[in-house]
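Participant: Line by line, the protein sequences give chains V and D. Each position in the first sequence, counted from 1, maps to that position plus 419 in my numbering. Each position in the second sequence, counted from 1, maps to that position plus 419 in my numbering.
One or more of the hints may lead you astray.
Because identical chains share one entry, a pair is satisfied inside a single copy or across any pair of copies.
[Said to hold, decoys possible] Here are the simulated lysine-lysine pairs, DSBU-like style, with alpha carbons at most 30 Å apart:
| # | residue 1 | residue 2 |
| --- | --- | --- |
| 1 | LYS641 | LYS695 |
| 2 | LYS641 | LYS610 |
| 3 | LYS610 | LYS648 |
| 4 | LYS526 | LYS695 |
| 5 | LYS587 | LYS695 |
| 6 | LYS526 | LYS648 |
Treat the hints as calculated values from the structure; they're not laboratory data.
There are 2 protein chains.
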Amino acid sequence: MLSYSVAQLRSYPLPATRYHMALFSPRGNTMKAIVIDQPGGPEVMRVGDAASPPLGPRDIRITVHAAGINRADLLQREGHYPPPAGASPILGLECAGVVAETGDEVKSFEPGERVMALLAGGGYAQETVVDAGSVFRVPDALADTEAGATPEAFLTAFSNIFMLAQAKSGESILIHGGGSGIGTAATTLCKLAGMRVLVTAGSAEKCARCIDHGADVAINYKDEDFVDKARGVDVVLDHLGARYLPRDLEAMARGGRVVIIGSMGGARTAEIDVTKLLASRQHIIGSTLRGRPLDEKAAIVSAFLDRFGDDLRAGRIRPVIDSVFPIARVADAHRRMASSEHFGKIVVKVR
Amino acid sequence: MLSYSVAQLRSYPLPATRYHMALFSPRGNTMKAIVIDQPGGPEVMRVGDAASPPLGPRDIRITVHAAGINRADLLQREGHYPPPAGASPILGLECAGVVAETGDEVKSFEPGERVMALLAGGGYAQETVVDAGSVFRVPDALADTEAGATPEAFLTAFSNIFMLAQAKSGESILIHGGGSGIGTAATTLCKLAGMRVLVTAGSAEKCARCIDHGADVAINYKDEDFVDKARGVDVVLDHLGARYLPRDLEAMARGGRVVIIGSMGGARTAEIDVTKLLASRQHIIGSTLRGRPLDEKAAIVSAFLDRFGDDLRAGRIRPVIDSVFPIARVADAHRRMASSEHFGKIVVKVR
């Protein structure tokens with residue numbers, strides 16, 4: 420498989436393959452991007468021409484070097500997850516690159532600076548335009564491919580665990596899908612915050628990698644129910660939704676908070692014991708990051724940098740990279756995510 | 420009915436009836452209190468002897484003048500709501516009176532000061548002992564009977580609406596049971612905080628009184644479903660639990676928070692659309708005040724005084740008093756609460 424490990428990317432200059440070249444014509448009113456003529460499987464994605472996005476006064480235009488792949492991209496490609504109003508129809512919820520241009524009201528960034536950004540869409544492209552509040556600097560410690568895989572995973576983990584669930588040092592957390600991009604990012608942040616981390620994963624090998632990555636306990640959900648091993652946790656981060664929620668509540672301590680960030684378990688509805696919820700003072704929090712207003716995203720970026728900025732600059736916050744694909748092979752990147760064989764983030768290299 | 424209006428209490432010295440006298444022997448190792456030989460109806464409560472509670476180093480002994488009645492007292496009397504570990508078995512979750520004695524480590528209060536307190540139990544008695552963190556001063560603006568009906572209602576409303584649901588100025592709230600002690604207290608706080616207040620109540624007369632008390636919209640739940648009129652609310656305060664929760668979620672705006680503080684609707688479980696909860700970024704928060712640790716109660720009292728202390732001292736925070744009964748007629752006080760005919764707080768006068 421034509422993918423690159425992080426070690427390779429750090430050690431060698433990336434070969435300028437024909438895949439990359441396809442995207443890089445000089446900037447004009449059009450740009451190269453991954454276009455989708457109609458929803459479908461990975462094969463519907465192709466390199467094509469797209470309008471270069473207009474720049475608003477508070478926006479930053481980024482020349483994209485790398486973009487992280489997220490599970491939501493697969494849903495959007497299939498036509499199941501339309502972009503929020505006003506967002507680019509192009510896939511891609513996070514990227515890293517270089518500031519190409521800034522809007523008139525933007526004082527905090529200069530052209531040429533290395534940046535990464537949380538996007539409502541538009542990452543799978545030569546250029547993207549985003550509100551300056553969703554942008555932050557790339558520390559020297561991070562390669563472009565790492566930075567491109569950082570915003571969505573770490574800001575999702577941070578906003579849900581520390582802002583919504585208000586997790587504290589000394590508390591414990593159960594992270595479902597400990598081997599996912601968000602799961603590995605959540606593990607990193609929670610260990611830095613002095614929490615006890617329990618994860619679930621779908622194989623013995625993934626469990627072992629979660630432990631290597633810092634988790635205190637890894638539960639193979641194919642072999643055993645998580646409730647007994649996780650009993651008494653203070654926080655749960657759950658992307659499976661209705662299918663897991665009753666057991667999340669059963670496992671949680673008095674005062675526990677479960678944040679639901681996905682419905683991947685398939686079921687839509689769950690039967691909840693509300694009287695027990697009350698007596699146990701538990702919280703059920705539904706959360707999505709993509710559709711939140713720009714000022715809330717800016718507040719999340721700001722709170723993240725306040726809390727974890729030193730760790731980011733020191734390289735203690737760094738995504739686990741599963742694989743890197745050239746952008747023209749984005750279909751293979753999607754196939755790898757769909758296989759659920761990956762551990763950590765899958766990235767496409769755009770430049 | 421032998422009850423007193425607030426106007427009467429303010430205008431006239433309370434007659435020293437034979438009911439009051441029954442409780443007031445000089446303090447020794449025993450005290451007079453409402454005792455219950457076995458769970459049952461209002462008639463099981465009688466004035467009797469109880470051990471005078473021991474004083475810990477962080478405790479305050481209060482000579483009780485007045486105690487508020489709460490719905491939980493009725494449940495406890497029936498044997499359905501046991502007191503939390505370590506709490507007095509005597510009924511009564513709030514009181515006002517005078518400091519009789521302070522523990523060695525208590526520096527913030529002096530004997531003789533007028534105080535009110537949030538209790539885990541023990542209010543229906545001549546004396547009660549409580550952690551100093553649950554005690555706060557009675558402003559001159561409040562009569563004893565008003566102060567005795569303040570802590571549970573206002574701290575429940577405050578902690579749930581402003582601390583857990585993080586309600587903000589400009590947001591709207593739906594308060595179920597707008598005519599209850601908590602409902603009237605919640606209305607007062609939310610209007611002071613610059614919120615739009617919608618309430619439900621069970622009669623046209625109660626709806627009219629809720630509007631008089633400051634609610635912007637009152638919905639008679641016997642005549643119409645609340646969902647349509649309350650659509651788009653940001654916060655819901657719900658003491659009915661599973662029976663109302665699905666409709667609370669249907670009514671709430673994106674980002675809405677419902678706090679469940681009771682199960683009075685009868686049903687234990689509810690079917691929740693978790694996928695919609697996620698997409699709508701809604702929170703379901705289970706909450707009880709009584710069983711929370713003392714440090715959390717102290718934090719609630721402190722946050723309440725920070726936010727609303729000026730309003731309390733100025734008399735802008737004042738419970739709506741439905742009726743006042745002498746302590747020996749506590750059974751009638753319970754019967755009135757069970758009738759649900761009351762509007763605001765029911766109080767027993769102890770001294």
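Participant: Tell me the numbers of any earlier hints that the structure contravenes, in ascending order.
Facilitator: Hints 4 and 6 not satisfied by this model.
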